[in-house]
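Chemist: Sequence:
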Amino acid sequence: MGRGDHLTILYPPGCREVTEDVGSDELIRRLKTLAHTLQSMGQDDGAYQEYIPLAMHIADDFFLSYPSRDVQLLIACCIADVLRVYAPEAPYKDPGQVKTLFMFLIKQLGGLKDPKDPAFKRYFYLLENLAYVKSFNMCFELEDCQEIFCKLFKLMFNIVNDEHSGKVKSFMLDVLCPLINESDVVSNDLLDIILSNVLEPAKSQRKNAYHLAKELVVKCSDTLEPYIQGFFNHVLILGREEKTLTISQKVYDLIYELNHICPSVLLAVLPQLEFKLKSADEEERYGSVSLLARMFSEKDSTLALSNKLLWIAFLGRFNDISIKIRTKCVQYSMHFLLNHPLLRKDITDTLKMRQHDSEESVRYEVVMAIVSTAKKDFSIVSDSEDLLNFVKERTLDKKFKIRKEAMCGLAMIYKKHLNSQDVPAATRHAVTWIKDKILHGYYMTSMDDRLLVERLLNTCLVPYLLSPEDRMKKLFYLFATIDDNATKAFIELQKHQLAVRKSVAELIELHRRPQDEERDRDIAYRLGHLTKYLPDPLKVQEFLRKFSQHLNTDSQLLTLMETVVSPDVSCKDSVDAVTQILKKLGQPVMTNLYYNTIKMLLERVSSVMVDQAALEALVGLIEGSLANDEDVLSSLNLTSDIATEKGLKLLFILSYVYPAHFLHPDLLRRLISLLTVPANATANVSPPVLSVLTCVGKYKPIGELYPDLASVLIPICQGFAESGSPKQAKHAVRCLHTNCTSDSDDVFEKILEKIKEQLTFDSKNFRTASVSLGHIAYNMPEKFLVPIKNIVSRKVVKELLMRNQTAAHTPGPNQNQDVDDWVEEEDLTEETAVKMEGVKMMARWLLGLKSDVISAQKTFRMLNAFILHKGDLLETGKMLKGEMAQLRLSAGSAMLKICEQKGVGDQFTSEQFYNLSLLMNDECPQVRERFAIKLHKGLARGIPHKCLPLDFMGFYALAGLESDRQLKLAVRQYMITDITKRRDYIRSITMSGGSEKASSQLPHIMPDYMLVFAVPILAHMPDFKDPSDMAQLMRIRSCLWYILEPLMTKNDAYCFGFYKALIEQMKNHKDAIKPEDEITNQKLWAVCDLAMGLILSKTTSFEMRAFPSEPRIPPMYFKKHEDPEFVNVKSYLPPELQVTAPKGSTKILTGVSKKAAGAPKTTVVNKTRAEQSEDTLMDDETTTNLSNTRKRGRTGLSLGEDLDQEEEDEEEDSTTLSGLLPPASSSTSASSSAGPVSKRGRIGGAIDAASNRISSYLQKETNGKT
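Residues 1253 to 2518 (our numbering) make up the sequence shown, in order.
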């Protein structure tokens, strides 16, 4: 109908004409009237046919494109009413016009966007009207209906917002839903518009659109399901993507969202994912794994239970070849463990495999998953201890990053779940091992591990921010419940921190000196020394130098550092000082390497665990334990006997590390009062308390500071020395020696007079008197030189050792049948026990004398006789085998101990040396085991001047004949440790620039020289009688390879030329004892030939290489041939054992450097251990003092030596610090110490597999290799 036909148009009553020539305002008024009239019309069939021309008129393009928004809105409302009134037969029949009208209506619906618009009510009416009669359903007949629908849906999703009421959103759904549910087809474009709104970014950025789309999917799920399935089939199975569709790029995200919104639409889709999980394309597998991990792991998800095959296929991806897929699987493990109890077993099984994954990132995620689970709900991991065991295993991972997370995770679990008193028993049981495992981390060779353990001890195991009382309870409980290895680690930790603290204190002291060249040189040396206390020494050196310059320019910083390293600083002051220091170092960010380096150093030196207040609290807990105070014991969760024993040990350790904090009269008075507890407890309490007072006295004598307390202490100690137990006597003498000052001579004279009377079997205190005498002789050799020498010769040697006085000691030959070869010390007869103490007493006496050559020679002869006569010195034939074994072991141990001391220790003869080596092959396994431990401890202590001479490394060759496999492995580990420690020491003195000093020491330190001593030992073996006997030679060969293997293999410094020259020079000598005996010489040369055969056959590289030392042959065991030109080229082996030198290997003799040419060509190694500076290597944490002012001969005991002496004096004494320490310990310029791997009494009989592993574990720790 044209615009000019308006005369034929009929308008409802009251409505005026709507024409194009009417002004805009008037047109709006007329349209409002018309719209209001149409709105009131009902849907009466055929009632309004006369208004069809009007309906066609208002749909004219003139009105649809009218410039006024209001006109267009009113026209839209009128058209919507027309559609309502004439439904279902609209007056508009032309498809093009219908499309134009609905596009116009869609455009008008855009006005719904702003509910604050004054015209919003009319827009809302338009929406309501269209929804009411489903007007858009008319479009189903159009070819372009999907285009119209797409525009409509897109508009609705764009305009819906927070300001729309629920009614508006409901009408929107009423408009949209029929277009899906009543449609014959849903196009992919429409599907894309709907589903893209349930994905990111719409989901988070346009939440109303997301909710509208979500409701749409739910309401239309039945209709949409086949189209959704068809889409996924197209993409997932056929692999065809329509790049124009947004959802094609986000298939897995869409599945995830649809699973949340309406899982039913995916019933046929999810099984298809199994094929994607097994796809050859990594990205496809990764996408499906990521999707399923989210879907399976979500809370309340039942997908895994309803899709078993898909779940099993998913679990298989934990073992995928792709690293990132395995990582993704493991990352979701925490959610599985937390949300799905029924799936925990499957996940635990898969994690078991993945914790051993070859890729470190996967192992790292395993640790993180389990630790995160434990932090959120510890009951899960406590119910399945396998999970925590996985973390436990990862504490030994080869990558520090993983070890760190495992350790930190365990520590946080311990802190969170064990600091509370109301922790369930099951939970407490599940993590009892955590504190042990954390401390075991100190055995790792990496410095990073040690720093981590130290940090975790102060932050998690014993949180430093707790009050002193609570802190000591945590420390007490920790120390009382950790295992032996963790205890040793705790002690090593304390000693290493002490060593660092002393080293830093010396550095700070140097900065207080006036600046000169010497001071700067000392500071540079100290800074270089400090680097080995931190990871990456080369990197930290720069920052330590910077810190030193900072100290020079900032006096406040220097003062704060003095506070931190002060021996008596309180924990609070230490923390405050550290905080202020850190503020001066810049921003605490990872990129500030200077800050982080000094922070690590401060963590090592700051004292945040123990101070005077803490010690008072600890002593209070010990007093409560002794008194059986229920409140104390319940707060510690310990029994009285364990609390007392462990508390006193802990107190002793702390007195060694923090003696200054004990120097307060009230605290000392309380400690002294512990010495007077009832008699039944004194035996266990007094030795450790006396040890504490001894350590305090070494720092500052109590007699000087508090004479009134000394007057109380002296009589108590005097009583113990005269009539206490042997342990009490030992500790009492040492305590008096360190704390008694002015009247010490009078006190010890009284004790000496008393014990003279008791050196008889008529006295019940014979053993006590022997122990006291030995310690007095050791500590004060010059004061009582003549009296003690007379007592030794008359009482100890003639009456005790050279006479058998009791019937029980020599029961007779008939009693010696079918008796055990070994008797423990507590089961010995009194006379044997006293004789053993007499042997020890003589050793201590000689160690005190240091240089009495005549006495030393006599003593060696007597001790040698004990060994030769199997312990039965008088050859009565009436002693028990077990007691004889103990006596010869005591004699051998005493000889080893004496040999550590230069002077008296150099007086043994080569024959005595060979006889002593027999104990390595003693008939009694306990003797072999204990002697090997003594040998190792002697060789590992205070290299190079406080240890056994290198001669004794040759003893290890005899362990090649050991029949007990476990003992043989343990001795091999001892040997490797001793070799490594010497190599490390050589490396340290070489790096520190002392090349001349190093060259002179090499022949006395270098482990390669042990072959020179092993050869004569093997040649003088009693069982080696015929140098042509194949069986005997094969045994000798196995002994040689036992020591050569660790020297030759895995040794970058191995030099074939050196060994070849060394063996050839030995072969050009004769035996020193029987130089004219042909058989003896042939045995010696045959052993040399065997050694040469081994190095020729086992060497893999014959290249020329310089060696830092000339071969030297010790004249004590080898005698030069009369003919200076003599060259022994003859082979003394049967043809079957002869080895031909590989081609070219004979040219390597020049591979030995001549750096030490200035030294004598032959050196008596065991007698010329040069009195160099007292350098001590102890583990990583060593302090090497290159000062030449301290010789090996000493006049008194240092703090560390005291610990050594403790161990040797009383093997069964568990109260000494050495009884708890691993073999190597920290040493500083003021002290050195070393401790045993374990006490004799603890080792028991044979070494089992577990203890051997522990031994290996400890030895690696003491190697000092980082």
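Since the hints were made in silico from the structure, they are not lab data. Don't be surprised by glycine CBs; every beta carbon is placed ideally from N, CA and C. Among the hints, a few may not be true.
Cβ pair distances, simulated, as ranges [unchecked claim]:
| id | residue 1 | residue 2 | range |
| --- | --- | --- | --- |
| 1 | Leu-1590 | Glu-1380 | 16 to 22 Å |
| 2 | Gln-1767 | Ala-1879 | 55 to 61 Å |
| 3 | Ser-1276 | Asp-1436 | 26 to 32 Å |
| 4 | Pro-1478 | Ser-1422 | 23 to 29 Å |
| 5 | Leu-1810 | Arg-1680 | 19 to 25 Å |
| 6 | Met-2054 | Asp-2329 | 57 to 63 Å |
| 7 | Gln-2109 | Ala-2358 | 23 to 29 Å |
| 8 | Glu-2051 | His-1916 | 22 to 28 Å |
| 9 | Gln-1801 | Thr-2301 | 44 to 50 Å |
| 10 | Asp-1918 | Lys-1836 | 24 to 30 Å |
Derived DSSO-like pairs (lysine-lysine); straight-line CA-CA distance at most 27 Å [to be verified]:
| id | residue 1 | residue 2 |
| --- | --- | --- |
| 11 | Lys-1406 | Lys-1471 |
| 12 | Lys-1368 | Lys-1406 |
| 13 | Lys-1459 | Lys-1495 |
| 14 | Lys-1345 | Lys-1365 |
| 15 | Lys-1650 | Lys-1754 |
| 16 | Lys-1650 | Lys-2154 |
| 17 | Lys-2277 | Lys-2302 |
Chemist: Decide, hint by hint, whether the structure agrees.
Modeler: We went through each hint and held it up to the structure:
Range check, Leu-1590 to Glu-1380: about 48 Å between beta-carbon atoms, so the 16 to 22 Å window is missed. Between Gln-1767 and Ala-1879 the CB atoms are about 57 Å apart, so this pair conforms to the stated range of 55 to 61 Å. Roughly 43 Å separates the CB atoms of Ser-1276 and Asp-1436, a value that falls outside the hinted 26 to 32 Å. A hinted range of 23 to 29 Å holds for the C-beta pair Pro-1478 and Ser-1422, which are about 27 Å apart.
Between Leu-1810 and Arg-1680 the CB atoms are about 47 Å apart, so this pair departs from the stated range of 19 to 25 Å. Checked against the hint of 57 to 63 Å, the pair Met-2054 and Asp-2329 fails, with Cβ atoms roughly 33 Å apart. In this structure the supplied range 23 to 29 Å is violated for Gln-2109 paired with Ala-2358, their Cβ-Cβ distance being about 41 Å. Between Glu-2051 and His-1916 the C-beta distance comes to about 47 Å, which lies outside the given range of 22 to 28 Å.
The hint said 44 to 50 Å for the Cβ distance between Gln-1801 and Thr-2301, and at roughly 46 Å that hint holds. At about 37 Å, the beta-carbon gap between Asp-1918 and Lys-1836 misses the expected band of 24 to 30 Å. Restraint check for Lys-1406 and Lys-1471: the C-alpha separation of about 18 Å stays at or below 27 Å, so the hint holds. Taking the CA atoms of Lys-1368 and Lys-1406, the gap is about 22 Å. The hint holds against a cut of 27 Å.
Restraint check: the Cα-Cα separation between Lys-1459 and Lys-1495 comes to about 25 Å, which is no more than 27 Å; the hinted pair holds. With a CA separation close to 31 Å, the supplied pair Lys-1345 and Lys-1365 exceeds the 27 Å bound. Straight-line distance between C-alpha atoms of Lys-1650 and Lys-1754 comes to about 32 Å, which puts the hinted pair past the 27 Å bound. Distance hint between Lys-1650 and Lys-2154 is unfulfilled; the C-alpha atoms sit about 43 Å from each other, more than 27 Å.
A distance of roughly 34 Å separates the Cα atoms of Lys-2277 and Lys-2302; the hinted pair therefore is violated under the 27 Å criterion.
Violated hints, listed in ascending order, are 1, 3, 5, 6, 7, 8, 10, 14, 15, 16, 17; each of the other numbered hints is respected by the structure.
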